[in-house]
Each structure stands twice: as C-alpha cells, then as structure tokens.
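2 protein chains.
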Amino acid sequence: MSQLETAMGMTIAVFDQYAKGDGNRQTLSKAELKTLLERELPNFLSSGKDKDAIERVFKNLDENGDSQVDFKEFVIFVAALTCCCHQYFEQKAAR
Amino acid sequence: MSQLETAMGMTIAVFDQYAKGDGNRQTLSKAELKTLLERELPNFLSSGKDKDAIERVFKNLDENGDSQVDFKEFVIFVAALTCCCHQYFEQKAAR
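So the protein lines, in turn, are chains D and V.
With the first letter of the first sequence counted as 1, position 20 gets the number 20 in full-length UniProt numbering; the numbers rise by one all the way through.
With the first letter of the second sequence counted as 1, position 21 gets the number 21 in full-length UniProt numbering; the numbers rise by one all the way through.
Be aware that a few hints might be false.
What the hints assert, rightly or not - When the alpha-carbon atoms are kept at most 25 Å apart in a straight line, the in silico SDA-like pairs for lysine to any residue are as follows:
hint, chain 1, residue 1, chain 2, residue 2
1, D, Lys92, V, Met1
2, D, Lys30, V, Thr6
3, V, Lys92, D, Gln3
4, D, Lys72, V, Ala94
Claimed, not checked - Covered by chain D, according to a simulated footprint, are these stretches of chain V (three or more residues, beta-carbon under 8 Å):
hint, region
5, 1-8
6, 78-85
These aren't lab readings, by the way, just hints derived from the structure by calculation.
Heads up, the beta-carbon is just placed ideally off N, CA and C, and yes, glycines get one too.
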C-alpha cells in the first residue's frame, strides 16, 4: 500500500474502531466521539476545562441533526483539521 | 502520535512531497498531480487507457480554476475518496 492509501485506511480504521462501541456501528454517538477525540486528538480538546467544547464540536459535526456522526461527517471534520495543521506548518516554515 | 494524527501527518507529507516538484511548493500542477495519482493511487486511474481521465480529475479538483491544486482542494478530494472506500467496505461487509 502507498503512503496515501495507508493514511486513508487508518482514517477508516479509527472511525470503525470507535463507532462499534455502542448501538449503531456505522455512526459515532456523542459518547463515542468524545472517547475518539480524547484518545486520538488529545491536544484538540483543552484538557477538560471547557466542558461545552464536546457539545459544540458534536453539534457542528452532526450536519443532518440526527444526533449521530456518520463517516462522511467525520471525514469532513478530519479534512478541515488536516487543513488547519497544514496551514500552521506552512506559516511556521515561512517564518 | 495517535493513529489519527499519523494519518493526518501522512496526508500532509504526501502532498508536500509532490508539490515541491516544480515552481510553487504550495500547490500541485497538473504534472505533479498526475505523478501523485500514479504512484499513490495506482488503481485509481485506469492504467493509461483513458487519457482524458487526468484532465477530468484535475478540472474537478481545481475548484477555483487557477490551474493549480492547493492543499484544501487536495484534502477534500482525499476525503471524498476515503468516503467511497468506506462505503465499498461497508457494502462488502453487509453481503
């Protein structure tokens, strides 16, 4: 597998790993998303200080308002986050 | 690094690796995108039979029509492709 194929496969694997936790294996519940963010992006949520952060992230992610985050919604979130990281490194490199 | 952070970092690394080929290091030219697709997603373009395929992919990717694919355009493409892969595996698992 190429590097890009590996990255795509890993993104799918992360989603599936947390989505299988409860009920619907094809979507992330709020609890599952919280666990995913805490373990996979430990620096993303400020360490428990902002208790509404997860609420806000979830509301933004759950585009169709069904209280579940499906894979499409998740992958758009990861894309947006990757874009932010890329910008950050570009700005850092430009300094 | 977590699995998701690694996947995000790999996506950035792939883009940067091919974008630095010619001229602008922050964007992919048509030639750079062609090399990227051929090496990173060898099964994506049907093996050279359809010569217009790269033209079509490039036109679709180059959202702002500046003949360059920037990181945001690239990452949206990867997200869409990852979504297709996920659907494919879901359907396969459901059979």
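For each hint, the structure was consulted:
As the CA atoms of Lys92(D) and Met1(V) are separated by approximately 20 Å, the hinted pair is consistent with the 25 Å bound. The suggested pairing of Lys30(D) with Thr6(V) holds, with an alpha-carbon distance near 23 Å, which does not exceed 25 Å. Taken as a hint, the Lys92(V) and Gln3(D) pair is honoured in the structure, with Cα atoms around 24 Å apart against an allowance of 25 Å. Proposed proximity of Lys72(D) and Ala94(V) is supported: the alpha carbons are some 18 Å apart, at most 25 Å.
Check on the region 1-8 of chain V: 7 of its residues sit with their Cβ under 8 Å from a Cβ of chain D, so the three-residue criterion for coverage holds. For the region 78-85 of chain V, the assignment as covered by chain D holds, since 6 residues bring a beta-carbon within under 8 Å of that chain's beta-carbons and 3 suffice.
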